[in-house]
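Q: Once you have looked at the hints, place chain B on chain A.
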Amino acid sequence: MANASPDWTTRLAAFDRRWLFLIMGFAIVLPLLRPCGIPVVPTPMVRAAYSQVEALKENDVVFLSLDLDPASTPELEPFYKAVMLHLKRKNVKIVIATTWYSAPPLVESWIRSGLETQLIPEGDKSYKGAKDRVYKKNVDYVYLGFREGKTATIANMGADLRKTFDGRANDGTLLDNIPFMSGIKALKDFKLSILISAGSPGAKEYVQYVQARYGLKMIASCTAVLLTDLAPYYQSGQLLGVVGGLVSAAEYEVLVGRNGSAIKGADVLNFGHMVVVLAIILGNIIYFVGRRARRASGRAVPQPKGAA
Amino acid sequence: MLKKTLPIIIGCLIGMYALVEFYVPHYHAKELMKEILDYAAILGAAAFVLGAINVFQVSWPKIRRREEDWQYKVVMLVAASAMLLAGVSWEALRGKDDAPVVQKTASATSALVIDTEPGVEVTVNGRALSPDYLKELGGDAQALTRGEAVTLAVPAGEYALGFSRRAIGYSAPSSTVVLAAGERAAVRAVPSMQWGKDGRVKTWLYDYVFAPCNSTMFALLAFFVVSAAFRAFRARNTEAALLLGSAIFILVGMAPFGRLISDSLPDIANWIIEIPSNSGRRAIMMGAAIGGIATGLRIILGLERSHLGEG
Numbered sequence: 001m002a003n004a005s006p007d008w009t010t011r012l013a014a015f016d017r018r019w020l021f022l023i024m025g026f027a028i029v030l031p032l033l034r035p036c037g038i039p040v041v042p043t044p045m046v047r048a049a050y051s052q053v054e055a056l057k058e059n060d061v062v063f064l065s066l067d068l069d070p071a072s073t074p075e076l077e078p079f080y081k082a083v084m085l086h087l088k089r090k091n092v093k094i095v096i097a098t099t100w101y102s103a104p105p106l107v108e109s110w111i112r113s114g115l116e117t118q119l120i121p122e123g124d125k126s127y128k129g130a131k132d133r134v135y136k137k138n139v140d141y142v143y144l145g146f147r148e149g150k151t152a153t154i155a156n157m158g159a160d161l162r163k164t165f166d167g168r169a170n171d172g173t174l175l176d177n178i179p180f181m182s183g184i185k186a187l188k189d190f191k192l193s194i195l196i197s198a199g200s201p202g203a204k205e206y207v208q209y210v211q212a213r214y215g216l217k218m219i220a221s222c223t224a225v226l227l228t229d230l231a232p233y234y235q236s237g238q239l240l241g242v243v244g245g246l247v248s249a250a251e252y253e254v255l256v257g258r259n260g261s262a263i264k265g266a267d268v269l270n271f272g273h274m275v276v277v278l279a280i281i282l283g284n285i286i287y288f289v290g291r292r293a294r295r296a297s298g299r300a301v302p303q304p305k306g307a308a
Numbered sequence: 001m002l003k004k005t006l007p008i009i010i011g012c013l014i015g016m017y018a019l020v021e022f023y024v025p026h027y028h029a030k031e032l033m034k035e036i037l038d039y040a041a042i043l044g045a046a047a048f049v050l051g052a053i054n055v056f057q058v059s060w061p062k063i064r065r066r067e068e069d070w071q072y073k074v075v076m077l078v079a080a081s082a083m084l085l086a087g088v089s090w091e092a093l094r095g096k097d098d099a100p101v102v103q104k105t106a107s108a109t110s111a112l113v114i115d116t117e118p119g120v121e122v123t124v125n126g127r128a129l130s131p132d133y134l135k136e137l138g139g140d141a142q143a144l145t146r147g148e149a150v151t152l153a154v155p156a157g158e159y160a161l162g163f164s165r166r167a168i169g170y171s172a173p174s175s176t177v178v179l180a181a182g183e184r185a186a187v188r189a190v191p192s193m194q195w196g197k198d199g200r201v202k203t204w205l206y207d208y209v210f211a212p213c214n215s216t217m218f219a220l221l222a223f224f225v226v227s228a229a230f231r232a233f234r235a236r237n238t239e240a241a242l243l244l245g246s247a248i249f250i251l252v253g254m255a256p257f258g259r260l261i262s263d264s265l266p267d268i269a270n271w272i273i274e275i276p277s278n279s280g281r282r283a284i285m286m287g288a289a290i291g292g293i294a295t296g297l298r299i300i301l302g303l304e305r306s307h308l309g310e311g
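Same order as they appear, the protein sequences are chains A and B. Taking my numbering as reference, the numbering of the first sequence is continuous, increasing by one, and the terminal residue is 308. Taking my numbering as reference, the numbering of the second sequence is continuous, increasing by one, and the terminal residue is 311.
If we strip away everything but chain A, and leave its shape as in the complex, we get (with noise of 0.2 Å):
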């Protein structure tokens, strides 16, 4: 008799799934429509790499390498447009490349909205910092484009970053005629790396194939779950600050002074975890809810299938 009708945990634990992803939109959607504006106070590791940025002194010049794809715009676009916004006011010249086939036509749209258009538009009362301006191709960046190799490619642009591409920057214009190229030769001529990455190769293999072997200087930015993978080389000083996810984007745009899109996207975040930690207790609850009423009742105690 017992067994024919489930009692009300092992009902519970059964429900339709869909209901939780019903949740879970109403985590991500409303916190869009209605900010609350959670405080997001700054980490060391967030600090560290804007003290990076803050140290480069007008005309350094920086390698920005974004190994990325359309999925992770999202957690890493916004903090691109926050350094973006802080190279450009300390009038920093920029040489971008990537390693992923599949970010050109991304990396192309993101420097003409990051780059060639003012990130602060005129009159912008919620920002306080210095002046934003539009740089111009081959005058104060250039986009060297994509070189197939993953790690090959990284090795190469440490042994020789011109002879990686030709010697010529995406458009076909000579590396020699771009005035600010004149001192560049390889990666170690660089003040700093800005490593903005998604995965495989990115961060991960700039640091093992050239950071260590000529010295480099470099931060990154990278998804939340690859955030585990480089803190080691974050303690070990390979790399002088992570900006690991969104929060810590957000935490960016708090340092720069500009409330961008990662700020906003902190608060779904803060509804996506807690929806996330209440399924989880409400799952052990009904689980040992459930386990202690089998164990009572004499009913076997179902066995795990893919238990965490």
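It is worth saying that the hints were derived from the structure and are not from the lab. In this text, all values refer to a predicted model and were calculated from it rather than measured experimentally. Do not rely on the hints blindly, as some may be mistaken.
In silico lysine to aspartate or glutamate, EDC-like type, Cα no more than 16 Å apart, as pairs [claimed, not checked]: (1) A:131 to A:189; (2) A:163 to B:304; (3) A:136 to A:160; (4) A:90 to A:132; (5) A:57 to A:140; (6) A:57 to A:189; (7) A:217 to A:108; (8) A:191 to A:166; (9) A:90 to A:148; (10) A:90 to A:69; (11) A:217 to A:176; (12) B:34 to B:21; (13) A:137 to A:176; (14) A:163 to B:38; (15) A:188 to A:148; (16) A:131 to A:116; (17) B:34 to A:166; (18) A:90 to A:58; (19) B:197 to A:160; (20) A:217 to A:60; (21) B:4 to B:304; (22) A:185 to B:31; (23) A:191 to A:54; (24) B:197 to A:148; (25) A:163 to B:35; (26) B:197 to A:171; (27) B:30 to A:160; (28) B:34 to A:140; (29) A:188 to A:54; (30) B:104 to B:183.
A: Same frame as chain A, now just chain B:
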């Protein structure tokens, strides 16, 4: 000999050289290594071609035999072929040229006549031909938006003209016209749709098909994670309880609301990442590195031959 021994000898020599080069500071050693890295990059690119051929070789027989999920393979092959065709620069193959056509005629006063299609942006000497600028040059401010030719009463001189569209993937014809006194130059240009890697079709497919599909796949993770959190994350034993506890501290501590609950929560989350997680990860990385070195040495010495098709 050629199929087995030669690849082993090449692998051994290149592998040994890559190891030794680290410790040889001589200029020529570095230069040779650059060449080897170039070859590695070329081989990596060539692997893409082989990969594409392999996809066709594997998928086509399955489609022919109507095996399970054959319809998805058709979609994949059609999508791959569409991207491949969109990536070819057809106008370069045809030798098509859309440079501005300039026709000069004698006239009482010198003038530039600009003829193009509506929606095309025109620049004269680097400055966009806005209604204000058109007025300044004595032209009809609305002519270009109506798609009519506009006459500019300009003095003799050299004029750099540029034609472009706002959308990406169109050509941007440009020309420098030297206008003599008493000469009228009619310039006609229409930016044409481009094919190839920066062309309109590939850009459109990337922006409106690939990017949304790619983002959707990633976005679905949020829903699967919450489902898995409810159904599978159970504190069934001590290890699972520790894992769960860490996960909850990280989830709460890494989100800004963690600081609202307690100032210590973010510190606990950071401590978990910096101490236990880093220690574990470092141990895994070192183990994997030692494994990598061992495997690398076995390949270099020809002891490991699975990459040559041997068991």
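Q: Please write out, lowest number first, the hints stated earlier that are contradicted by the structure.
A: Hints 1, 2, 3, 7, 8, 9, 10, 11, 15, 19, 28 and 29 contradicted; others consistent.
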